[in-house]
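Since the structure of chain A is already known, use the hints to place chains B and C on it.
Chains as they are written, first to last, in the working numbering: chain A, 15 to 342; chain B, 5 to 419; chain C, 63 to 364.
Simulated from the structure, these hints should not be mistaken for laboratory data.
Bear in mind the structure is a predicted one, so any value in this text is a computation, not a measurement.
Mixed in with the good hints there might be a few duds.
What the hints assert, rightly or not - Derived DSS-like pairs (lysine-lysine); straight-line CA-CA distance at most 30 Å:
#	chain 1	residue 1	chain 2	residue 2
1	B	K36	C	K348
2	C	K354	B	K28
3	C	K348	C	K360
4	C	K267	B	K33
5	B	K62	C	K360
6	C	K317	C	K72
7	C	K267	C	K241
8	B	K327	B	K205
9	A	K124	C	K241
10	B	K36	C	K267
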Amino acid sequence: MPELSYREAVRDALSTAMRQDEDVFIMGEDIAEMGGSMGVTQGMLDEFGPERVRNTPISEAAIVGTGIGAAMQGMRPVVEIMYEDFLTLAAEQVINQAAKHRYMSGGQLKVPLTIRTQGGAGWSPGAQHAQQLEAWFVHIPGLKVVFASTPSDVRGLLYTSIYEDNPVIFFEHRTLYGIKEEVPDELEPIPLGEARIHREGEDVTVVATGRLVHESLSAAQQAEEQGVSVEVVDPRTLQPLDEATIVNSVKKTNRAVVAHEAVTRMGFGAEVAAVVQYQAFDWLDAPIERVGAKFTPLPFAPVMEEWVIPHADDVLQAILRTVGRDGN
Amino acid sequence: MATEIKLPRLGQGMESGTVVRWLKQEGEKVEKGEPLYELDTEKVTQEVEADASGVLLKIAVQEGEVPVGQTIAVIGEEGEDVPDAEPEAEPEGEVDEEPQEEGSRAPARDEERERGREASVETEPAEAQPTTVDGRVKASPLARRIAREKGIELTEIRGTGPEGRIVAEDVERALAAPAPAGAPAGAPAEPEVEKLTSIRKTIARRLTEAWQAPVFQISMSADMTRAQEVRERLVELTAEGEAKPTVSDVLTKVCAAALMRHRAVNAHFVDETVRRFPTANVGMAVATDRGLLVPVIRGAERLTLAEIAAARADLVSRSREAKLQQTDLEDGTFTVSNLGMYGVEQFVAVLNPPQVAILAVGAIEEKPVVVDGDLEIKPMMSLTLTCDHRAIDGAVAAEFLGTVRELLEEPALAL
Amino acid sequence: MLLIRRFEEKVEERFRAGELPGFLHVAIGQEAVAVGVCRALEEGDVIASTHRAHGHALAKGTHPNELMAELYGKLEGCSHGYGGSMHLYDIERGNLGANAVVGGGLPAIVGAALAFKFRDEPRVGVAFFGDGATNIGTVHESLNLAQLWNVPAVFVLENNHWAESTPASQHLPITDLSKRAVAYDMETMVVDGQNVQEVYETAAKAVEHARSGRGPVFLVANTYRLTGHYVGDPQVYRPKNELNELRETQDPLDKLRAELDISDDEFEELDREATELVEGSVEFAKAGTDPKPEDALKNVYA
Numbered sequence: 015m016p017e018l019s020y021r022e023a024v025r026d027a028l029s030t031a032m033r034q035d036e037d038v039f040i041m042g043e044d045i046a047e048m049g050g051s052m053g054v055t056q057g058m059l060d061e062f063g064p065e066r067v068r069n070t071p072i073s074e075a076a077i078v079g080t081g082i083g084a085a086m087q088g089m090r091p092v093v094e095i096m097y098e099d100f101l102t103l104a105a106e107q108v109i110n111q112a113a114k115h116r117y118m119s120g121g122q123l124k125v126p127l128t129i130r131t132q133g134g135a136g137w138s139p140g141a142q143h144a145q146q147l148e149a150w151f152v153h154i155p156g157l158k159v160v161f162a163s164t165p166s167d168v169r170g171l172l173y174t175s176i177y178e179d180n181p182v183i184f185f186e187h188r189t190l191y192g193i194k195e196e197v198p199d200e201l202e203p204i205p206l207g208e209a210r211i212h213r214e215g216e217d218v219t220v221v222a223t224g225r226l227v228h229e230s231l232s233a234a235q236q237a238e239e240q241g242v243s244v245e246v247v248d249p250r251t252l253q254p255l256d257e258a259t260i261v262n263s264v265k266k267t268n269r270a271v272v273a274h275e276a277v278t279r280m281g282f283g284a285e286v287a288a289v290v291q292y293q294a295f296d297w298l299d300a301p302i303e304r305v306g307a308k309f310t311p312l313p314f315a316p317v318m319e320e321w322v323i324p325h326a327d328d329v330l331q332a333i334l335r336t337v338g339r340d341g342n
Numbered sequence: 005m006a007t008e009i010k011l012p013r014l015g016q017g018m019e020s021g022t023v024v025r026w027l028k029q030e031g032e033k034v035e036k037g038e039p040l041y042e043l044d045t046e047k048v049t050q051e052v053e054a055d056a057s058g059v060l061l062k063i064a065v066q067e068g069e070v071p072v073g074q075t076i077a078v079i080g081e082e083g084e085d086v087p088d089a090e091p092e093a094e095p096e097g098e099v100d101e102e103p104q105e106e107g108s109r110a111p112a113r114d115e116e117r118e119r120g121r122e123a124s125v126e127t128e129p130a131e132a133q134p135t136t137v138d139g140r141v142k143a144s145p146l147a148r149r150i151a152r153e154k155g156i157e158l159t160e161i162r163g164t165g166p167e168g169r170i171v172a173e174d175v176e177r178a179l180a181a182p183a184p185a186g187a188p189a190g191a192p193a194e195p196e197v198e199k200l201t202s203i204r205k206t207i208a209r210r211l212t213e214a215w216q217a218p219v220f221q222i223s224m225s226a227d228m229t230r231a232q233e234v235r236e237r238l239v240e241l242t243a244e245g246e247a248k249p250t251v252s253d254v255l256t257k258v259c260a261a262a263l264m265r266h267r268a269v270n271a272h273f274v275d276e277t278v279r280r281f282p283t284a285n286v287g288m289a290v291a292t293d294r295g296l297l298v299p300v301i302r303g304a305e306r307l308t309l310a311e312i313a314a315a316r317a318d319l320v321s322r323s324r325e326a327k328l329q330q331t332d333l334e335d336g337t338f339t340v341s342n343l344g345m346y347g348v349e350q351f352v353a354v355l356n357p358p359q360v361a362i363l364a365v366g367a368i369e370e371k372p373v374v375v376d377g378d379l380e381i382k383p384m385m386s387l388t389l390t391c392d393h394r395a396i397d398g399a400v401a402a403e404f405l406g407t408v409r410e411l412l413e414e415p416a417l418a419l
Numbered sequence: 063m064l065l066i067r068r069f070e071e072k073v074e075e076r077f078r079a080g081e082l083p084g085f086l087h088v089a090i091g092q093e094a095v096a097v098g099v100c101r102a103l104e105e106g107d108v109i110a111s112t113h114r115a116h117g118h119a120l121a122k123g124t125h126p127n128e129l130m131a132e133l134y135g136k137l138e139g140c141s142h143g144y145g146g147s148m149h150l151y152d153i154e155r156g157n158l159g160a161n162a163v164v165g166g167g168l169p170a171i172v173g174a175a176l177a178f179k180f181r182d183e184p185r186v187g188v189a190f191f192g193d194g195a196t197n198i199g200t201v202h203e204s205l206n207l208a209q210l211w212n213v214p215a216v217f218v219l220e221n222n223h224w225a226e227s228t229p230a231s232q233h234l235p236i237t238d239l240s241k242r243a244v245a246y247d248m249e250t251m252v253v254d255g256q257n258v259q260e261v262y263e264t265a266a267k268a269v270e271h272a273r274s275g276r277g278p279v280f281l282v283a284n285t286y287r288l289t290g291h292y293v294g295d296p297q298v299y300r301p302k303n304e305l306n307e308l309r310e311t312q313d314p315l316d317k318l319r320a321e322l323d324i325s326d327d328e329f330e331e332l333d334r335e336a337t338e339l340v341e342g343s344v345e346f347a348k349a350g351t352d353p354k355p356e357d358a359l360k361n362v363y364a
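Chain A with its partners taken away, still in its complex shape (with noise of 0.2 Å):
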């Protein structure tokens, strides 16, 4: 089985998309020659040609709106939105045109539009540079969205966005990219709306998303180590969520702990706390723990971001709290 950079994957969905039909294509800022800003589209310009990996303008709205315009037309756009922070320009064509044309027209036409976008603080980028937005997107009707942390499921994920009838926004984490796996020797699509169980565990239920997984397993295996199995979930696709699977890994642990990169507060983790406790109330021997960045823009200073940003250590603790073990 070859392996695969998470970056090569992104790269290989979109080759293998791109390879077998005409209608896929992508544009963004930088993506042909430079290869895009963290690599991803590298080599695909030579492969494909200047009229499918098209450099756009910095018109984010454009940009987005383009690719609705041609979604409508039966084509499948990946577009390229260089830093999630940047989707805020094109939020309007976002919210108000793409995910909600199919409803407003009463079902006459699908936008089969991909929106692929990364974020993710580390490396001081600043605070502009480096924000988690799933929550506002898994936010408004009529949108997917979805948040791969690991080679294979990047690859499958992203190609069965392409071919996904609605918008989807396609979340990468910047610090993922390097990240290697053993991937299956053909593209294996996966669903959405599913959700895959890392390792499994009998006392306390992580739900990760992005590079929150990673830090959970980590704190899994030192959880292991004082006597505490911990079973981590990382939902793949936010919306629509696979519910059933978190929920059961609760009802069998009957502790939950929710980790993701993004401002804890109102965050995506809020909204897992809440559909845990109310399908799993009778199952809970502890209150639902949440783990995030604290309620700050991201500072620049090396020891501030650090502080900011969740690790491998806040899990491990969130986790020691629902088993009741650091002194709470």
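Frame of chain A; chains B and C shown alone:
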């Protein structure tokens, strides 16, 4: 065909307008689109154009405030009959305080909004659900905490909350553990059917029998001052680890003594015969969560108060732990039922057949009493004797009860 | 145009009767632009409209029955009751949707035109927008990208000199709106929007320019809004005599009538036809089917 000119709604929130003046006279020709009258709304005075062409047959409202939708004029062919201009009010909604804005609520469509709202709150009535699922008792966090703090098992409680969940109220109720007649069911049962345990069946059967006996009740009150003093003195003298005598114990001793003096009351009525017994086996009614039990202290007239206390303590704890033997429950000749600890002032107990009498005792309460013409406060306790009239007459019962009172009021007489 | 005029008048009337919920913006005075442009289009060409969409929708071929039914919120409406006046869609007839967000529909037209180019289809995308919209970001991003990528699009600016209640003098630093396209080096045409014949001819040229692959066109149609911004707007911000004068002198229907020298009888005949269609559409709409409340859950996702 004549056209009724109605006052138009010119914006959201407009409920009425004031016709200021007519720009055409009755009888004049009017073209559709021509200014017909001046209208004053809250915001602005404007000309309103005619909706139809023809002759202005009638002006129904010359000037003044008119609700939206009301007919103010009629335009038609010359010589046409004018329909009675009925003020046909448009369906009015709530008064809107917002200024004239874009958009309309369209009050004519309010019925649809009603429908949408109602449909949204319709829910299926929830099916009754079990309290325990997959071996896990459903209980709210608050209920669990209360149960934990008060040391009560969740499995013993029936849940009445959503989905059959045990909520705080259910735990509180279980803790209150009311009179035997109202004891809650033991195991968490399905809401539909509660089969009687064999104990309860027996109780039910015997109470039904008892109900068939012709009974009468007499009652007296006893001044418990001396009884309490004696008891307190004895408690002081009780050694460590030994059962402390209670008022119930004093009662048992006193009743036993009285029963010996009034053998007719120390009897069973069976098959048209009355059997009097030589010894007093006094039963005490004990409330357990399985039902009412009446363990018996045999030969109470011969036992000291300390011995009675010990026997009582043993029987009560074994009752509560469901460790009573059959012999503990047999051969009672008389029963005392005490609801004083629940604050009951006075009550009537049901006979415990085949016994011919049962004594119901209430709480000791400070009451005003007349003693030698003076008003004093005394600790009084009610005594109510229920008797089987087939075996005992009123006079016999009264004498017995009188002795009980006498002995309670001066325990030395029981020696 | 007469159909549009009578339709819009009926809409105003029914709104005042309290039967039409929501926001309504009628195109009285701007009929010539809608008709002139849409008549110059061919099958397969698509349009994106604005909040003032009834005229465009009718001109592009949506039957008044389906349009009125949509305004009444019925299942038989062109958007099946899900959209309303500002979200009229008729995909079969190439109407990609009215848009309640100013400038919101332009990027999608760029995308549609791009798709036509990809697939080598001789189709054109047309976006309508107003002078008010020329101040918003999406319009500029769209013009820039369309010109850069040379897509077959025509951007029709309906310059009615008002952005809601704000006159051009208060929102535009320029008076000649064709200057907006100079920054993008886009082919520009200007036309008297009240003369349907001229609009038609100019639009045909613009569409041909785009279709032939020579690039997008910025078409400025100078027109007049002979009503308020929304139905019920008392237009307190507009000098009364200005409005009256415009109604006298700038009505596109009057102009066409004069040009074609239509007799009163002929006009009455046409008027009767139009009115019948419109009144029929109200009957059709009122007899239509209300959606069930739970129908709201459909169509969120494909």
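Which numbered conditions among the earlier hints are violated in the structure presented, ordered from lowest to highest? Result: hints 2, 4, 5, 9 and 10 break, sorted rising.
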